[in-house]
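Novice: The primary structure of each chain is shown beneath.
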Amino acid sequence: MKTTRNEKAKLSLVLSRVLAYGFIVFLCFLCLFCFILLVLMASKSNSQLQGAFSLRWGGNFLTNLKNAWNDASINIPRGMVNSFIVAMTSAVITTYFSALTAYGVHVYNFKGKNFVFTFIMAIMVIPSQVSAVGFIQLAYKFGLTNKLWLLIVPGIAAPVVFFYMKQYLESVLPLDMVEAARMDGSNEFRIFNEIVLPIMKPAVAVQMIFSFVSSWNNFFMPALLLTKEQYKTVPIMIAQLRSADYSKFDMGKVFMFILLAILPVMIVYMFLSRFIIKGVTSGSVKG
Amino acid sequence: MKKFLCALLALIMVLSLAACGSGSNEPASTAEPASTAEPASTEESSEGKVFHIYAWNEEFKGFFEKYYTVPEGIEVVWTIVPNEGTQYQDALDLALLNQESASDDDKVDMFLAEADYILKYTNSEYTQDIKALGVTNFSNTYKYTVEAASDANGVVKGVSFQCCPAGMIYRRSIALDVLGTDDPAEVQAAVADWAKYNEVAEKVHAKGYLMTASYAEYYRVFSNNTSSPWVDASGNVQIDPAIQAWMDQAEKFVNNGYTLTSGVWDAETTEQAAKDGKAFCFFGPAWYYNFCMGPAFGEDAVKAGTDSVGDWGLCEGPQAFFWGGTWLLAATGSDNPTMLADVMDTFINDEEVCTNLIKNEAQFTNNQAVNNKFAADPEFGNPYLGGQNDTAIFAEGAKNIKFQNQTIYDQGCNEGLQNAFAEYLKGAVSKDEAMSNFYKALKEKYPAITVPEA
Amino acid sequence: MKKAIKHRKSVSYTKWAYIFIAPFFISYTVFTLVPQFLTIYNSFFENYRNGLQQIGPNFVGLQNYVQLLTPDKTGTVDFLKYFGNAMAMWIVGAVPQFIIALLLAVLFTSARLNLKGQGIAKTIIYMPNLIMASAFSMLIFALFSNVGPINKLLVASGVIDQAFDFLSFKIPVRTIIAFMNFIMWFGNTTIVLMAGIMGIDQSLFESANMDGANAIHVFFDITLPLLMPILTYAMITSLIGGIQMFDVPQVITNGKGTPNMTSQTVIMMLNNYLSTSKNYGMAGALSVMLFIITGILSFLVFRTLSKQYKK
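Protein chains in written order, with numbering that gives the first Met the number 0: chain B, 0 to 286; chain W, 0 to 453; chain L, 0 to 310.
Isolated chain B, as found in the complex (with noise of 0.2 Å):
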């Protein structure tokens, strides 16, 4: 009787083992369906792909490449170079200054500490669209339109990331070790650089990569703002595709040019996954 009910017990998890692992695996099936087709395509000549469908590897993958590469229309390599500008800068100010605003409202008591932080909390939610309006309309007025660092400098106050140094510093730094530099004559700001953010560094590697995607793949702002084709970024050049003068583009080409504008999060991903999912992981509210 007792091991009928035992075996019963093995053979559900077994089945409910199955089951998960089939759910899992057509899950992921699904996340790398379109990834692995988009490989598929732009490894096609352009007759192939206006031919029937096939799965089969085109063999045209480097000609596109350098097709891609090389067009004279969409210039995808100054659009990756001005992509990584943006974003590279944006990643470092972003979470610098995210980690300096955390340090000074984590550190020091000061009058209005509370009201501050409450603050942050607050504007932490508004969409960045309600104020799009009038940083748009102050970028036409001052001539400020086709300026890179127009999208990197507001990065400077970013109450997200803000908040998430604030938790991170809450939880690893002993305020004594502030005391003891204090102590040793390190003035407040040699302490924050060369104690405080070596500490914080997982913290501030995380959001570095956090900011630097959501800057690469960032659409709204660069459209209205970025006019010139040797300012414009990635994701704008891969909206102009859509539009009619290049419905006679090369079909293989047009695969080739989406591979490559999110081949680089692609490959950093690659190396950093397990780090990145750690980092949604406590960047999540707890509980």
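Take the hints with a grain of salt, since some may be wrong.
[Stated by the list, open to error] Dumping the calculated DSS-like pairs for lysine-lysine here, alpha-carbon to alpha-carbon at most 25 Å:
#, chain 1, residue 1, chain 2, residue 2
1, W, K425, L, K80
2, W, K274, W, K202
3, B, K146, W, K48
4, B, K140, W, K442
5, W, K430, W, K442
6, W, K251, W, K277
7, W, K425, L, K151
8, B, K227, B, K146
9, W, K277, L, K151
10, B, K277, L, K115
11, W, K206, W, K425
12, L, K151, W, K302
13, B, K227, W, K48
14, W, K206, W, K195
15, L, K14, B, K112
16, B, K110, L, K14
17, L, K80, W, K430
18, W, K358, W, K60
19, L, K169, W, K430
20, W, K274, L, K151
21, L, K80, W, K442
22, B, K7, L, K115
23, L, K72, W, K425
24, L, K72, W, K430
25, W, K60, B, K227
26, W, K358, W, K398
27, W, K358, W, K65
Keep in mind that the hints were calculated from the coordinates and are not lab data. Just so we're clear, the structure is a prediction, and the values are computed from it rather than from any experiment.
Model the placement of chains W and L on the given structure of chain B, informed by the hints.
Specialist: Quick look at chains W and L alone, frame taken from chain B:
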């Protein structure tokens, strides 16, 4: 504290400099390797070193690079923005509005404009009198091209490098099958007016072909023959009877299966020009061969053997019309007035350049003398059209072109109506909804105009 | 003596605090706060470009709001319609997103199942969240277009006899957009919810197991109630993201919101006002409306957040 603030400021400045510095230095060298001439460092001239051209596609750029010799020491920079959805106009407007404060090398020197919106620029202070720059010989140009480039007071602000009389490009094999002839004159007789054209459409359909490959294929034939502008003097949008006639005809054609619901530029439409395509005719000017009939004449198609070179003929079609045309306008504040005038003069008066445009590029130029020479040449023929001399037909059509009823809102109106009406033809919306969507989008784009029942 | 030093020092430290938080507030004021006020200010003015000509700014009171909220002859208020569109597309994607994410989070954290290969699975399901939305949209467009591979496949396999115009019909377009949102976000939600479940006191699960409760009971009686705060937080942020939906429908429909404006979103409308006519008046009014709606939702998030934080 001061130290820190200094450091902070320095950091911000360095970063922003790095950002804009790296943004503005290389573009020309990486972006347009083909178009950059070696800057000569020794030569001193009062004119700018950078000639900046705004355009919406590569067409003119290609001709410019092939046939125009850039003066030594000047670098040509192109800014190319897609036309669709007035993106090009938006970017150009921004550049022109900032022209005064822009650095010399950043100033727009010349920009390209289409018939649909040329008025907006010629009637503004952002374009300048080209006669004052030294372009004075218009004896060979077509009159309408000069009128179109002039402001309300008759001051000429630019030139067109092409003339765009258009015709009906029909498929010879289908004509033989349906009409029993592929001779341009006889085909023309069969489609001489819209009633006859519709009869042919029925026959073409009965044989299993398509009359056209897009519902909007001959939109321009109607929109070119309107009796009133899109927007009247007091800012009201109006539907001209000719536009109404197009809508009715497009509806009938789609319902009868004579045509497809894809747009003129869509791949499904252009595919119908390939070897195994089913479309009987396309409507367009000389530039249409290269732009909308890629699968018929393109290099790739020829290589793959799916082309239909030689299987086409050209006749005037049911109504005379013109389509498009690319005007070169002189931007106010250009720091290269000499080169500006020279470019314009070259593309309308240089016989060799105009000859090459016809012979090598299948263009119809804005130089009557050269066009007429080819039109009269019995040896000359267009291989796409099986050796037919299309220049002769275009030369005839060019005489009838009138540039009239234009407004600054035309691109938005023409594009918007075709897009909205396509939705109706595809069965996604009712006719009322389609019109209401058209008006709403128009109002978002052009707040100054009044739309019916908004 | 000692006291005196401490006192002196703490005064100077206060100074440092202000220095450290200054860049944040300066940047916030210049790039966000001032533009926000300007947005609100603009909403009471007629201010746009007609061709190359600037019209306004002329004070018009609430006229922009009136225009925004006036129904057309069929009784539709476009702004509300576009808002509804975004919400409809959001909910179609969000329902499976949250159900599947919950299920996955439970499976991944289940001690009984003890699933292997979680690292790889999490890596894969999170990946779409990092893909550039505009590139992903362009890919989906290219795959589903009339001459694209999906249609080629369907025709070749005889499912349909001629290409089906996916992007001209409401249900396919909305489904495609919702599905893309789902794919892009369910991995993220899974990981956030997992973190929530792992934060629950494990002894609760153990004692439930001792009592012989089955998995479904454990889920509804323990996991779900304790997960509620984080789940609410995730849902509201997702909802705010839904209201702001832009990249995907913009690229898929080429900014046209086809068919019949059923995939047009509020931000696409904002983009239209800002791109050609620089209609700061109408765009301002639209933004203020958006601000009010998201403000209310933000307040809810803020409340859940601060509750969490105080705990």
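Novice: CA of K277 of chain B to CA of K115 of chain L, is that 25 Å or under?
Specialist: The hint holds at about 18 Å.
Novice: Quick one, are K358 of chain W and K60 of chain W close enough, alpha carbons at most 25 Å?
Specialist: Between K358 of chain W and K60 of chain W the Cα gap is close to 18 Å, so the pair holds against 25 Å.
Novice: Between K274 of chain W and K202 of chain W, does the CA-CA distance stay at or below 25 Å?
Specialist: holds (21 Å)
Novice: Measure nothing beyond the straight line between the CA atoms of K358 of chain W and K398 of chain W; if it is 25 Å or shorter, mark the hint as holding.
Specialist: holds (21 Å)
Novice: Taken at face value, is the distance from the CA of K151 of chain L to the CA of K274 of chain W at most 25 Å?
Specialist: Given pair K274 of chain W, K151 of chain L holds - Cα atoms ~19 Å apart, limit 25 Å.
Novice: Sort out whether K14 of chain L lies within 25 Å of K110 of chain B, counting only the CA atoms.
Specialist: The given pair, whose Cα atoms are some 11 Å apart, holds under the 25 Å limit.
Novice: Taken at face value, is the distance from the CA of K227 of chain B to the CA of K60 of chain W at most 25 Å?
Specialist: Holds, at roughly 17 Å.
Novice: Given the hinted pair K430 of chain W and K442 of chain W, is their Cα-Cα distance within 25 Å?
Specialist: holds (18 Å)
Novice: Are K425 of chain W and K151 of chain L close enough, with their CA atoms no more than 25 Å apart?
Specialist: Roughly 20 Å between the alpha carbons, so the hint for K425 of chain W and K151 of chain L holds.
Novice: Please work out if K251 of chain W and K277 of chain W have their alpha carbons no farther apart than 25 Å.
Specialist: Holds, at roughly 19 Å.
Novice: Need the status of pair K277 of chain W, K151 of chain L: alpha-carbon distance at most 25 Å?
Specialist: holds (18 Å)
Novice: Is the Cα-Cα distance between K227 of chain B and K48 of chain W 25 Å or less?
Specialist: Given that 25 Å is the threshold and the Cα spacing comes to 19 Å, the pair holds.
Violated hints are absent here; each numbered hint is respected by the structure.
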